[in-house]
Amino acid sequence: MLRKTFETEIQQVKDDVLVLGSMVEKALLDSVDALKKRDIKASEKIFAEDQAINGKRFEIENKLMVLIATQQPMARDLRLLASALEIISELERMGDYAKGIANINIRMGDEPLLKPLIDVPRMAQKGVDMLHRALTAFVNEDAETAKKIPMEDDEVDALYNQVYRELMTFIIQDPKTIERANWLLWVAHNLERFADRVTNICERTVFIVTGEMKEIKATDDEFWKQQKQ
Amino acid sequence: MLQNHEIALSVNNLNVYYGGFHALEDISLEIPARQITAIIGPSGCGKSTFLRCFNRMNDLVPSARVQGQVLFYGQNIYDPKINPVEVRRHIGMVFQKPNPFPKSIYENVAYGARINGYKGDMDELVERSLRAAALWDEVKDNLKKSALALSGGQQQRLCIARAIAVEPQVILMDEPASALDPIATLKIEELMQELKKDYTIVIVTHNMQQAARASDYTAMMMLSKEGSRAGTVIEYDRTDAIFTRPKDKRTEDYVTGRFG
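As given, the protein sequences belong to chains A and B, one line each in that order. Each residue of the first sequence is one higher than the one before, counting from 1 in our numbering. Each residue of the second sequence is one higher than the one before, counting from 1 in our numbering.
Here chain A stands alone, though its shape is the one from the complex (with noise of 0.2 Å):
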């Protein structure tokens, strides 16, 4: 086989990408369980730990860099290195949402939580539970899996409606919940973006494999839908 290194090179920017997307995924599943447990160490210690994801992103997205400069790819390595720039970008944008949660942990200070959590892990494991399979589909570069998991953002989008009716059902008996609802409102909201980008990673890995650049249309709308019923 030609090209010998350069394989290896494009085995370790997976790798790379693999390692990015655990972090993340801890962090997300940190996060919740932080605010879960009203522990706000937990929260401060994901907070800090975003730096790492950051530096992960650079790392990796220098390496790519260097193998772009140095290798001249084409055709599938150009697309496959391409997909992995915008990968580690939506990566670290998802470790910003663990973060984002982690915050309002800390923000929300003494204040316990308006009621306790059950859907809002769930959204949680559901969204790194598909970004888990989305990156062992790119890593495979397997684009029929990578097409079939975005419909599952449905799911998401359903938890999500379900959060967003409770909480307001506890706004309309009590206004002086607000404050406590729109904190978990936005914890929700954190989860169902995240679980959204899993689908940017999934179009990546169709584009390598098919050299098609388009949207994978999951019924992104269902939330929106459902409030006008």
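Don't read these hints as lab results, they were simulated from the structure. Backbone N, C-alpha and C define an ideal beta-carbon position, used for all residues, glycine too. Heads up, some of the hints might be wrong.
A few chain B residues that face chain A, going by a derived Cβ cut-off under 10 Å, partial list only [unchecked claim]:
{"#": "1", "residue": "GLN209"}
{"#": "2", "residue": "ALA212"}
{"#": "3", "residue": "ARG245"}
{"#": "4", "residue": "VAL255"}
{"#": "5", "residue": "GLY257"}
Add chain B to chain A, keeping to what the hints say.
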């Protein structure tokens, strides 16, 4: 893909034989006018043979036999009535190694025009051609100097000036930069971008990055099938498509460096 272009050259069912050896197999494609078309492919797949079909250079090989048509603005250049010397006046060529005549810079450029009985202002023609080849500023004070004293990159630009001086419509380039250093190579590539405003350029190159950087369209050549030694065009598309999303697996393997 070429609907917005005037077509300078049309190749129809081209087959080339050297004696009993089938060198090119059934090639059909169109070359757009005032664009740069690159021909790429592994060694021995017939790129240069194909390029030489565009101005009947294969006529100079005694055993060569060409079947099919090459139409130059609709006129078949292989029509028996056509004089191949006349063809080469319209379709010039620049070779891999710079091959200036052992004469002065001025005489190199003026040579073709003199032979053709050029009646105009020769000084003006020489200056115009050297300017078009981006060489004028470097040689204007030394036009009497031997062309052989120039650097390789300058010699190649002189050969381009010499080709331009007879006012062709098409310039064929066979690996024009393969003997040059990277800076001289980039100068030739920049020059090609200037030249394409007036000329149709077809370039054979081993350097894929050069094809990717410098051309508008790319034809990928390869041996037609396993065990065959005849070359053919397996994919022809816009250069950006060939290098980012080729359709043929063999093109993909070649441009990503996994061929062989």
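To see whether the hints hold, each was checked on the structure:
no., hint, verdict
1, GLN209, "holds, 6 Å"
2, ALA212, "holds, 7 Å"
3, ARG245, "holds, 3 Å"
4, VAL255, "holds, 4 Å"
5, GLY257, "holds, 5 Å"
In terms of the numbered hints stated before, the structure departs from none.
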